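Residue numbers (this note's numbering), protein chains in the order written: chain A, 1 to 103; chain B, 1 to 660; chain C, 1 to 167.
Hint data in this document are derived by calculation from the structure and do not stem from the laboratory.
What you are looking at is a predicted structure, and each value in this text was computed from that prediction instead of being measured.
Treat the hints loosely; a few may be bogus.
Using 16 Å as the maximum straight-line C-alpha spacing, the simulated EDC-like pairs for lysine to aspartate or glutamate come out as follows [stated by the list, open to error]:
hint: 1; chain 1: A; residue 1: Lys102; chain 2: B; residue 2: Glu625
hint: 2; chain 1: B; residue 1: Lys380; chain 2: B; residue 2: Glu462
hint: 3; chain 1: B; residue 1: Lys315; chain 2: B; residue 2: Glu368
hint: 4; chain 1: B; residue 1: Lys379; chain 2: B; residue 2: Glu455
hint: 5; chain 1: C; residue 1: Lys89; chain 2: A; residue 2: Glu96
hint: 6; chain 1: B; residue 1: Lys173; chain 2: B; residue 2: Asp580
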Amino acid sequence: MNEIPISYFLVLSAILFGLGVLAFVFKRNIITVFMAIELMLNAVNLAFVAFDRARGGPHDGWVFVFFVIVVAAAEAAVGLAIAITVVHNRQSLNIERVNLLKF
Amino acid sequence: MPIILNNLWIIPLLPLLGAAINGIFGKQWSQTRVNVVGISSVSLTFLGVIELTREFLALHSQVAWVRSYAPWMIAGPFRADFNFQIDQLTLVMLGVVSGVGLLIHIYSTGYMAHEGGYYRFFSYLNLFMFFMLTLVMAGNLVLMFVGWEGVGLCSYLLIGFYFLRKSASDAGKKAFIVTRIGDVGFTIGTLLVFWTFKSVDFTEIFKQASGMPVESPTYIGGTLTVICLLLFAGAIGKSAQLPLYVWLPDAMEGPTPVSALIHAATMVTAGVYMVARMHVLYSHAPLAMLVVAIVGAATLFYSATIGLVQTDIKKVLAYSTVSQLGYMFLGCGVGAYAAGVFHLMTHAFFKGLLFLAAGSVIHAMGGEQDMRNMGGLRKKIPITFWTMFAATLAIAGVPLFSGFFSKEAILDAAKDGPYANIYLWTLGILGALLTSFYMFRLLFLTFFGEQRYDEHKVHVHESPKNMTIPLILLAILAVSGGWFAAPTMLGGPNHFENFLRPVFEAGAPAASAALAENAGAGETGGNALVKSLLAPGVIVALIGFLTAWWFYIRRPDLPKKLAASMHGLYTLLLNKYYVDEIYLAVIVRPLLWVSTNVLWHTVDEKVIDGAVNGVASSARGIGGEVRQIQSGNPRSYATWVVIGAVGVTVLVLGVWGMVR
Amino acid sequence: MTLPIILFFVFAAIAVIGALMMIFFREPIHSALALILVMVALAVLYLLLGAEFIAAVQIIVYAGAVMVLFVFVIMLLNAGEEERTNISKLAHYVGWPLGIFLTVELVYWMLRAPIGARATTATIAPGDPTRDLSMLLFRSYLFPFEITSILILIALIGALVLAKRDS
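Could you build the full structure based on these sequences and the hints that come with them?
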């Protein structure tokens, strides 16, 4: 009666992840690309929590989510610091301008 | 307490030491010191040979003396050691090689005195002696082949001694390559010998072979026949018979002592020695013997015809050598092995002398070799003249001189022996006629007649003592060297053949033994004397002499008239039947074409280089394509990540999911 | 259509729309705000799955700290409207079909997951979930926990060093 099938959450997670990938490929602003990464991580978290709920028993899934959030935070901090450095060097936020490592 | 017999290795080692010392240190030394090293090594060898002869004869042994000094190749059943073998045949060869070799070494100190590279010459000459002695003393086919190849190497080095002259270096290469062709046959023959007899040692081979049946004279496939023919192929190359004789005339590019030693007395006789040594096998393969005899007879006639018209003094002697080698093979081919070896010995004396004397003439004429520019030298260089005259009498076969005995022995065997063949005998007689003619022609053109050179340009002088003394010594040998067989003129025994009898009787089937016995028999006393003096060979020699006298002393204008009237034949002979040109067009050019176009351009450049370069360029190409991924643009990197992710998910979820 | 299902669809829609907004907005600040919306919607969905602690952490840490950091950096860098460059041909032509393909594929596989057929009861999970989580975290997963604290320390130092102006 009060039940939501897990597959709904999983599908939603897939859709959000896919949208994150599209954003990752399409956006040209560094910071926006980072945000797309965050979106993908969130989608994954959702999948974890959904699976955890479906399994029952000890909540290992939540532990994963916990760590994902922590690592995402650390990564965002460092990534944004790099973004600041890049902006200082290239005077532009467009990632396509960061092309000095061409073959 | 035989010293040398127990230390046979001393004999070849001495010249090797001489070669090494002169080769390493000679460049800084004076000519005198080089001489001391070079001559003393060969003198000691000669003394060693004399001592060895004395020791061996003291043994009164009927079998060969074999000593093995070190194991060499052992590969499964195949075994070849450094073993030396001494029997009467070896002693004869050793005597010739070391004795004539010593005289030529002494001569060279005078002849080469003004040449550059003096130490190099003596080093090579000593090295040659080492290899030749090894060849002659070898107790198995493999060690003999070492000597065989080694003398070929030294021949190459010495022919091309004046290597800055293109014709000389070309001649050296030609000699080596042409003899190589024969060596292929020799090698295959050696392999076949091993396959048949499971050994390459002479004692072992002969022991087995003497028990085998005599093969058919008409069937070419018998094992022994094939072996003998293959080994003979090597002899054809090394001893300059048809068709591989072409290198010998060109070899005259080398210094004259080289021509004397290597291309008259010793190296070219290696083929004859080999056939004589392997007589056990040849006696069991009559077809092979016939081939040997035919090749010998054909060569002797053919090359004598070429020698008739040559104008370079050394070239005449070169073709004469080819011809006389043909006689030796003819002798072996009709079963008269001792006669063949006898002629080998006398030939070493008179041909060696002829070459050295020719060298003396050339030295006297300041380098001139063309006989048309000589003439009337007899009073000016008397010693050279008289010694050369003695040698000419010997080679023509004038009775009592050395060549007479050996040549008559061969012709006798060709006419009356157990393998006699009247056609071969005819060729031999005709060859003797031509030989006498062209040798006297040479003598008359050079020493008689008018002076055809400019006295102001050429200062004719006799050679120094270190050149004339060997000439005199060789002349004595050329005159007396045949007297071993002198008693045959009176129906008595031939001491030379008797000396070699133990060698040639061992292991031979009945027919050859009968021949060896016949050498002693014959008619008695006065009949024999008349018979030998009026032998066809002698008559023919006389005819040759008279004809040459007529053409070159009495009517010197005749040769030119005859040449003009028989212009076609004359040109053919003068150009040596165009054989070199034929070989060039038929063999050399196609071979060069194949080497250049097929092997070089196609196989080496396209295939091998193509493969190697292809690997490199394809690596480069692929790299060039793949590096496009590194565009520097992070968006494209992002896309690549996604591509990878898609790939992985498809693989894992799809394939794994399907498997599940 | 029970309440949980309706709630699910509403907040799922909000999340998807938020994501789409994040993609299509030109100004980065707008994208950031859209992402915050997505995160909040996700937090509600966590609640629907009975993960209260996680929902709370999501709001406090993720939406409340990480995204705020993003907003700060955007403001610091004065990030304006995005340039419309399309230098990378690969991304331009291959990128979007691939993205769509990936999405479709994942949806397909999620639908086929055997675990998905089972339903879930809405709201409250049995037991004391927070207590269980902390038991797990400080017992079984203690080592990773400590490591993460070092990780954060490293990130902190790294960010400091990287963003420092050269003096």
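We went through each hint and held it up to the structure:
This hinted pair checks out: A/Lys102 and B/Glu625 have alpha carbons roughly 14 Å apart, not beyond 16 Å. Of the pairs offered as hints, the one joining B/Lys380 and B/Glu462 holds, with about 7 Å between alpha carbons and a cut-off of 16 Å not exceeded. Between B/Lys315 and B/Glu368 the CA atoms are separated by roughly 13 Å; this keeps the pair inside 16 Å, and the hint holds. For the proposed pair B/Lys379 and B/Glu455, the alpha carbon gap of about 14 Å is at most 16 Å, so the pair holds.
Distance restraint check for C/Lys89 and A/Glu96: the Cα-Cα separation of roughly 11 Å lies within the 16 Å cut-off, and the hinted pair is therefore satisfied. Annotation: proposed proximity of B/Lys173 to B/Asp580 holds, straight-line Cα distance about 14 Å (limit 16 Å).
Of the numbered hints stated above, none is contradicted by the structure.
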